[in-house]
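Participant: From first to last, the protein sequence lines are chains A, B and C.
Take the position in the first sequence, starting the count at 1, then add 7; the result is the number in the numbering used here.
Take the position in the second sequence, starting the count at 1, then add 7; the result is the number in the numbering used here.
Take the position in the third sequence, starting the count at 1, then add 120; the result is the number in the numbering used here.
Don't take every hint at face value.
To be verified - In silico PhoX-like links for lysine-lysine, alpha-carbon gap of 25 angstroms or less:
no. : chain 1 : residue 1 : chain 2 : residue 2
1   : A       : K192      : B       : K142
2   : A       : K44       : A       : K68
3   : C       : K267      : A       : K328
4   : C       : K267      : A       : K87
5   : B       : K142      : A       : K198
6   : B       : K142      : A       : K196
What the hints assert, rightly or not - Every beta carbon over 10 angstroms from chain B, so not counted as near; a handful from chain A, in silico:
no. : residue
7   : A269
8   : A310
9   : K429
Claimed, not checked - Derived list of chain A stretches under chain B, where covered just means 3 residues or more per stretch with a C-beta under 8 angstroms from a C-beta of chain B:
no. : region
10  : 197–209
11  : 285–299
In short, the hints are calculated from the structure, not lab data.
Computed from a prediction, not measured in an experiment: that's the story for all the values here.
The C-beta atom is built at its ideal place from N, Cα and C for all residues, glycine as well.
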Amino acid sequence: MKFRKGALAVAPVLIATLAACSGASDAGSGSSGGDVKGTTINYWYWKDDTTDQTMNQLAAKFEAQTGIKVKIDDSVAQPKFYDKLVNAVAAGNAPDATQLDTNMMGKLINSHVLADLTSETKSWKGYDSVLPTMWPYVTDSKTKKIYAVPNKFLMFYAYYRKDIFAADGVTSFPKTQAEFLDTLKKLYKPKKNQYAFDFRGGPNGQDQWAAFLVAGGAKFLDDQGNVVFDSPEARKSNDIYLKTAQYAPPGAVNDGFAQIIANLQSGAASVIINHLGAAKTLDKALGNKVGVALIPSATGDPAQTTYMGTMNAEAVLGASKHKEAARQWVQFLASNDAQVAIAKSTNGYVPVTKEAAALPEFTQNPNIAISLEAAKHSVTSWPLLPGTTAATTKTWQPLFQGAVQGKNTGDQVITAVAESLKTGR
Amino acid sequence: MLSPALVILAGFILYPAVNAIYVSLTDTNLLNLSAQQFVGLDNFIYMFGRQDFRDSLRNSAVWTFGNVTFQLVIGMIGALILNARFRGRGLIRGVVLLPWATPSVLVALMWLWILDPNLGLLNHLLRAVGLEQGKPIAWLADQHLALPTLMAIDIWQGIPFFAVMILAALQGVPTELLESAKVDGANAWQTYWRVVLPLIMPTVLITVILRLIWTANYFDLILVLTNGGPANATLTLPLNSYITSYKGGDFGGGAALGVVQAVLLAVLVAFYMRQVRRSEIA
Amino acid sequence: MTTSTAPMRVEAQAPAVPRRSGMRWRPIYLLILAWIVGVLGPYIWMAITSVTPLSELHATQTTIIPSNPSFRAYGRLITQTGFLRNIANSAIVAVTVVVIVVFCSLLAGTALSRYRFRGRRAVLYAILLLQLFPSILLLVPLYIELKNLHLLDNLVGLILVYSAFSMSFSTWLMKGFVDQIPGEIEEAALIDGCSKFQSFVYIMLPLSKPGIAAAGTYAFIYSWNEFIFALTFTSSNTAKTVPVGLSQFIGENIIRWDFLTSGGVIAAIPILIGFMFAQRGLIAGLASGAVKG
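Construct all of the structure, not just a fragment, from the sequences and the given hints.
Facilitator: Structure, rendered in C-alpha cells:
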C-alpha cells in the first residue's frame, strides 16, 4: 500500500513540473542583437528524400558567412513532424527555428509559440526581392503580423495522361468544372482497368479537395478575416467533386499520395491533382505521356479564378535564446542563391524570389511554369487560423469519405470544415 | 528483490500515467501550457456525446477481442506444431517469428502494396485464379472490409507471440504425466484438454490479458493503412485519442478518451483477477 | 495452478521434446509448409523489390520478377544513409533491455511467487494496471522527465523507457514459470547444503530457462519495434533506431522503395539469426540435467 501513497505524492510535483515547463511565451525577446558569431542554433525541417544534402550544404555555407552553426534535425518526416514539434514545445525543448507549412501555422501563432518577425522582416534588405504574392502565406490575416519567411512554395495543378486522353478522343484539358465531369465520363473504362480522376480521399487529400473548391469559387476568408467557407460556390464545387467519385479508381476514397502517383503511372487513374512534389517521379516514369494543366474552375477563365498553393515557411520560435541568429538563418534561406539551390534539390520547389523565379531553367520547366502561371493571378492557401490544423487533419477526412460513401451529405462536409476553421474543434 | 522492477516501473510509467489522468480533467493545449485550466468532467461529457466516440468504442471492441481470439487459437496450434519434433525445427522456429519482429512501419507498407486494389499482388493472384471478377476489391477502402482486413494483418503479426509464449509454457509440462495419460487410454485430444491445458493455463491467461491491453492500445498499423477511414470505419479509441490530441489540438479530450479506455480495460483486468483468484494463480 | 499435484520433475529424465501422440510427421509438414508460405510471402515480395532496379520500379507495368536484378540498393543504403548505425543502435538497446528486464523480472517474479508478504497482490495488480494507458498519452510527461534527466537523444533514455514498458509482462511471466517449479526441489537443495544464492543459480535459473527465453524474446522484440518513443526522444543518427530509420525513407513526396525494402531485408537478418540461437532456450530446462545438483 505504501506504493500507492507514494504515487499520489508524486502527482502535485509532476503538475508543477509541467506548468513550469510551458515553453510557450513570446515575452521578452531574448535576442541581444549584437554578436551572434559562434552561436549554435537548432533548426528542424522535414525532408522528402533522405539522401538530399541541400540543406546541410546551405548550413555549411551560412556558417562560413556568419559564424553561426546550424544544427539540423531532419529526422522526422511530414506526417509526424507537427506531433514532434508540439511535444518538444510542451517539454521546453523546441528548436530555435523550424520549417512549417500553412496548415500548421495558425495554431502555433495563436498559441504564442512563434516569434513575431514583422519589423525584422520589413527592414530586411531581401524583403523586396521576394515575390509579393508570397507574403500573405506567412501573414496573420487579422493582425497583419508576419510570423515566418517564405521558403518552399508549391502550387496545386492537374497532372493528366495525355496518351489516355488522346486515345479516348479528348483533345484538350477541360477548363470548367462542369466540362471536367463530362470528360471524366469519357475516360472511365473500368473493363480496361482505366478510371478517371483519383481524388485522394485518404490522408492529406483535403489539399486536393480544397484546391478544386477554391478554383470553383470557394473562399476561406473575407477581407476582414472572417471565415466564409460555408458558401454556395463551395457547395456547388463540392458536389461536382463528389460526383467525380463515381469515375474514380477502386480504393480512391482511401488513397494517399503514394497511391495517386502509382495509379497515374499505371493508367488506373487518368487525372490527379498535386503540386510540384510529384513532378520528378512522374516525368521519370511517364516522360511526355504526362501533361500538366490548371485546375478546372467555375468560369474557365484563369484571370477570374483564384488558385490554391501551399507554403513551407521558416519561422523562429518565441522561446529561442538565439532569436537573432535564428532570424538570420531563416532569411538566408530566402536569399536568391539559397532559393536556386532549394528549387533544384531532389524534388524541387517553386522559388520565392523574383530573380530566381525568372531564371530560364525554371520558367522553361513546364511544371514550374504552370505553378507560376497559377500563382500569377489570385492565390490563396489554407488560412492561418488556429482551427486550420483541426479542419485539415481531423474534421475533413471522415466526413468527406462519408459523403463519398453516402453516409452523410456533401453539405455536411462544408459545414463541418467551416465550423472547424471557426472554432478549432 | 522487487525493488529494481518497481523503481523502473514507477519512474517511467506510473508518473506519466498520473499526469495523463490530470490532463483529462483540463483544457490542455500543449503549445500553451500556461493557459491550462481545470474543467472537471467537461471533456468526458463532450466526448460521450459524439458519434465518433461511439464508433471508435465499437471498433475497439471488435478489433481487440477479434484479434486476440484468433491470435490465441492459431498461436496455440502453432505452439503445438513447434513443440513437435521435425526436421529443421530450429530454422522454422526462427522464421515464423519474423512477422512479430518486423517494425510496424514496414509491416504496414508491405501490406499496403500487397492489398492495393489496382496494383496489388493479392488482387493479381485472385484474378489469376478467377476468384475476382469485375471491379478490383478495395480491401482497405471498403467500409465493411477495411476493419477485417486490418485485423487479419494484426493477427498475422501477433500469432508468433502467442506461439512462443505457449511453447515456453509447454516445456513445463512433465512428460510422464503425458505418458501416464496415454497408459490410461486417453487420446491426444483428451490428453491435451485435461492434462496439458490446465498446466499451461497461468501463462495463457497472463499472455491473453496483456495482449488484450496491448491490442486495445495499438494503432500504428491503422494509422498508416487507413488513418481511421473510410468514414471512421476503422477508428479505434486510442487512434481517436491521438487524432483528437495531436490533430485536433484538444489534449484534454484526447486524454479523456485514453482514460475511458484505461477504465474499460481495468474492468477487464479486475474480472480476470477474480478468475485468477478462483484458480489460485496469484 | 496447483504445484502440489505436479509430480517431482527431477524424475523426469525425458527426451528434450515431448513426443505427442497423434502428431505424426505427415500432417505436420503440411501445416508447417502452409505457415511458412503465409509468413514468408510478404518478405519474399520485399526481397524481390529490393533487388529490382529503380528504373524497373518506376515502370508502368507491374512485373513481379525483375528482369535485371541488382544489389545496388544495398550499396546505396550503406553509403548514402546511416541505416547501419540505426541497426547497431537497435541492437544495443534491445540487448541491454533484455539483460535488465530478464534480471529484474526474474528477481521480482521469484519474490512474488515464493514469498508471501503484505501488499503482494496489490503489487501484482499495480504492475498490470500500469499497462493500461496508451503510450501516446504518456509521451509528453516522459519527454519532460527524460529532458530533466538529460537522457534525450540518448540510448540510455530509450533503454530505461523500454525496460519499464516490457517489465510488467515479463514479471508476470516469470512469476508463472517460478510457480510451476515445485518448492520441494529448492528445499532439497538447501538440505543438501546449497546456499540460497546457489540454489537460485543452480536450480531456479536452469529450471526457468523457457521463461527467460520467452521474456527475453518479448523484451527484445518490443525494443526492436518500438516507434513513437524512439521518434520523439531521438533526433540525431547516434540514437535513432531501426523503425525511425525506416520511417525516414518515406518522404512527403518520395517513397524510397529501394531503401525501405533493402533496409527491411538487412534488419531482418540479425533477427533471424538471433532467434535461431535463442530458440534453444525454449527447450525444457529439465533436459539440461542441472537439477541433479
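Participant: Take the hints in turn and mark each one as holding or not.
Facilitator: Hints, one by one, checked against the model:
no.	hint	verdict
1	K192(A) x K142(B)	holds (17 angstroms)
2	K44(A) x K68(A)	holds (14 angstroms)
3	K267(C) x K328(A)	holds (17 angstroms)
4	K267(C) x K87(A)	holds (20 angstroms)
5	K142(B) x K198(A)	holds (8 angstroms)
6	K142(B) x K196(A)	holds (11 angstroms)
7	A269	violated (6 angstroms)
8	A310	holds (37 angstroms)
9	K429	holds (14 angstroms)
10	197–209	holds (count 4)
11	285–299	violated (count 0)
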